[in-house]
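Could you build the full structure based on these sequences and the hints that come with them?
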Amino acid sequence: MKFVSLSFLALSAMFALGCSTESGSEPTHPHGESPDGSSTFECSSDPRVQSYVANLEKNGVLNRARFTLTSADPAPPRRGFNNWTLNIVDSAGNPIPNPTVTISGMMPDHQHGWSTQPTLTAGADGKSFTVEKIYLSMGGVWEVTFDVTSDGSSTLLDKATFTFCIG
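For the sequence shown, counting from 1, position 99 maps to 106 in my numbering; every step adds exactly one.
Watch out, some of these pointers could steer you wrong.
[Claimed, not checked] Each computed BS3-like pair below joins lysine-lysine, with the alpha-carbon atoms no more than 30 Å apart:
id, residue 1, residue 2
1, Lys140, Lys166
2, Lys140, Lys65
3, Lys166, Lys134
[As the list claims (entries may be wrong)] Distance windows between CB atoms, simulated:
id, residue 1, residue 2, range
4, Gly174, Pro104, 32 to 42 Å
5, Ser111, Asn70, 19 to 29 Å
6, Asn90, Gln57, 10 to 20 Å
Honestly, the hints are just simulated from the structure, not real lab data.
Virtual Cβ for every residue (Gly too), placed ideally from N, Cα, C.
Here it is, written out as structure tokens:
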């Protein structure tokens, strides 16, 4: 019986030493975050992501609208709260009549969205939109999708997704 107790004690000690952070590298959370909340996630070379630049332009998936991310604060987008300014025009460059814009966020690798809904405010010019409090809660690949309809229709006019590495 003493052999079993000593073996158990020896295994317990080896496990405790193996879990020590004395090796100089702090353990990371499975989602790429350290226990102190800092991000250690690296996704900038992921082929899905775009590099942020002011006036980042995308044609909608249906080629009926053009979406321009005119500015981001902070720039480039990063973990925490972000504010964006966006222009949406039709394919000819004209404002969309009575646009309704919705926004959604998704981490495709984790299959979850964001925990708070941003505030979207339309500008008087009919094409500019201010998006406040986009909450990117953790490091990784984030997709932010804008859907636009026109003249009170429920039919999608077009949509575009901006995909960034939040490090």
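Structure-based check of each hint:
no., hint, result
1, Lys140 / Lys166, "holds (20 Å)"
2, Lys140 / Lys65, "holds (22 Å)"
3, Lys166 / Lys134, "holds (14 Å)"
4, Gly174 / Pro104: 32 to 42 Å, "holds (39 Å)"
5, Ser111 / Asn70: 19 to 29 Å, "holds (21 Å)"
6, Asn90 / Gln57: 10 to 20 Å, "holds (18 Å)"
Violated hints for the displayed structure: none, as all numbered hints are satisfied.
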